[in-house]
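Trainee: Based on these hints, arrange chain B on the given structure of chain A.
Here is what each chain is made of, one letter per residue.
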Amino acid sequence: MSTVYGPLDVTRRSGLLFDFQARDLSLTARTGQVGVFGRNDTQSVGVIDANGVYGPALPNQPRFIAIDTDGDGVRDAVALLLEPATTNLVEQNCTVGTSPWTFSGTTPTNAALSLAGLSWCLFTSASTSAARQTIGTFATAGGKAYSFRIKAAPNTTGFVTGDVWILPVFDDTDAVARAAVKATVAADGSITFTSSVGTIISAVRIGGGAYEVKGQSTTVTAAHTHAIYANDGLGFGGTATAYYATGFQVEDRSDPTSLIVTAGATGSRLADTLHFPFNAPPQAMTVYVKGIVRLTDFTGDPYFLDIGTQGGAAPHFFVYTAGDVGEVHAEIHNTAATSSAVLPGQGFGDTIEAVGILNADGSVSVAGCKNGGTILTGGASASQAMPSAWSSPILQLGWGDGGAIMAFAYQSVRVAAGVVPLNLMRATA
Amino acid sequence: MTLTTFALDGTAIEDLGLSLASLTGLHDAPTRSPALVQPALTYGQRALSIGTTIDLRTIGFRLNLPATSFTNRQALVDAFVARFNAQVELVSADAPTRAAHGVLKSQVGSTPGKLFVNPVYQADIAFICPDPLWYDLNPVVTNVPAATTVALPIGTGPVRRLAITVLGTTTNPIVIILRDQTGTEVQRMTLTAPTGNLGASNWATIDCDRFTLLKSDGTDLFTAKWLGATESWFHLLPPLTYAIECAQTALRVTHFRSYVA
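Chain order of the listed sequences is A and B. Just so we're aligned, residue 489 is where the first sequence starts under our numbering, counting upward by one. Just so we're aligned, residue 135 is where the second sequence starts under our numbering, counting upward by one.
The set of hints was computed from the structure by calculation and includes no laboratory data. Note that CB positions come from ideal geometry on N, CA and C, so glycine has one too. Careful: at least some of the hints might be erroneous.
[What the hints assert, rightly or not] Here are the simulated EDC-like pairs of lysine to aspartate or glutamate, each with C-alpha atoms no more than 20 Å apart in a straight line:
#1 LYS349/B - ASP529/A
#2 LYS349/B - GLU319/B
#3 LYS349/B - ASP659/A
#4 LYS670/A - ASP659/A
#5 LYS349/B - GLU365/B
#6 LYS239/B - ASP189/B
[Stated by the list, open to error] Computed footprint of chain B on chain A; a stretch qualifies when at least three of its residues, placed anywhere within it, have a C-beta under 8 Å from a C-beta of chain B:
#7 570 to 583
#8 729 to 739
If we strip away everything but chain A, and leave its shape as in the complex, we get:
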């Protein structure tokens, strides 16, 4: 009698210097290097699963999340999420029927629904009632990122239809909305979103027929007090007489990150950090990174990957993104700093494949591809001497020596010896 089924092995390939696949759910690369991960805080809703349900992430526990990479509504891919430190400025963001939230209409009911791993509040305000949360004075005048979660409320015939206006960033001092989202609820409970002020950058399904909306406000004024309104009665109105909402988040940065649940104070998350040992010496090589972009603002040139340093010291070879339009760059610092760039035009939610090539003559070239489309390639930079050794034997993900941290959901990171075109570096994910 033989065994019924043999072992399921992960794929082993020869010729690769490094091969990390998030779908292995391990920080051990297929080529054997063991990653060192850090984020010394607890995130009560740090991981979203295949059902769109939020679950906790404990201190120093990497966040392997399920994501929908092709927009078909199925979260069938797994990625390792690395994000910068941030703070949710909204207190009691899942329990809004609690001080410091105040209301001129009906106070929402806390814990009216438990769904998708979150506690939901039932809003029954008509358009003349304001649900208001003062979230305090912003430290800078930059763009403000927001997010919230919303779900249609059932009634005896299906769902309560109509418009819900959420004003996630409202300048109380000037009495002007800096972000305003109209959620239109259909009879089947589906919701469509339009932005009246600011920009919606993502509106996706989560568990139980709910939605997660992320966006950016217009520029806010420093030293003003800001608030959140729902079905406000301040010119936007709203016709839906009942709906569920939760997970309000406003961050003092350009792009929204994953949800932080708060209580009687603002809530913060530390940065995710991850690096691997990398003992292969400098040589002609190709690095490949695939994942989901969680940024629209690439100020500070956050890195996808950096080989050879943990602090920006030369010699090192890195692939990064830059500019408001998300160019992909490959760059080496040795006797000189030379780079190559392409412009796939990446944005929030795009699947990006970025390739950096270190050529045998010390020059670099680059390739990029967005959402499986056309592969763009950049010409080789000026040549220089190939380094004899890296600054340190390390491969770092998700950081930038200018202080910017990449917000990126990594699916695949590969390094191959030699010069390999992007389409031959691809990993199924």
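Mentor: What follows is chain B alone, placed relative to chain A:
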């Protein structure tokens, strides 16, 4: 990249400069050879239900190499043969989210055109997959809130690499219950700390494939006798469907579904 035919380790064969002429073995249910027994005083043989020998899966395909010259032909051959040195992940456009894992069994080439006149080349390639099942490329990640029963989707074959992460709690013991589609308990794992408890900032990972029970700090909790003496690792096998629950704390369950054909 949209996969249109077949991929080797995530690279579409078209990207290797090749095209597919034929393909076999994708949807074959592996041959089973059950052990048979002739019971006394009855007609006919019966299959013993405790195990079945299952054949390997063999996937065969013919590749066309549209070579433009003889040196180009050699370059194309080099490009795909270089992929065959180790175990290869095979993915078809029929199910681009599933993979079989095979090693090269044979590669036989032929030149349908006039030798050294027409450089076109064909290669008949066979892979054998010691494990005949197709598996999810990406695991299913499921959050299980405390005291909540959550379904675990499965395919047409047994679930593999089932791992249950028990998220930090100071409750002791921790009882994880597996139920079938009728709600009947089919298995349970009781984790009891001999002293103390798991702790709110720690987690424990139960790997039902490797038969390990490890705390986040590396402590071997199986050796420390946390698992109930009469209990064993969960095993999910169709045609049952399953749901999991834990009254004491939240879980995160990851698993790969498998498919027979």
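Trainee: Would you mind marking each hint as holding or not holding in the structure?
Mentor: Consistency of the hints with the structure:
no. : hint                : verdict
1   : LYS349/B - ASP529/A : holds (18 Å)
2   : LYS349/B - GLU319/B : violated (26 Å)
3   : LYS349/B - ASP659/A : violated (48 Å)
4   : LYS670/A - ASP659/A : holds (18 Å)
5   : LYS349/B - GLU365/B : holds (19 Å)
6   : LYS239/B - ASP189/B : holds (15 Å)
7   : 570 to 583          : violated (count 0)
8   : 729 to 739          : violated (count 0)
Hint compliance for this structure: hints 2, 3, 7 and 8 are broken, all remaining hints hold.
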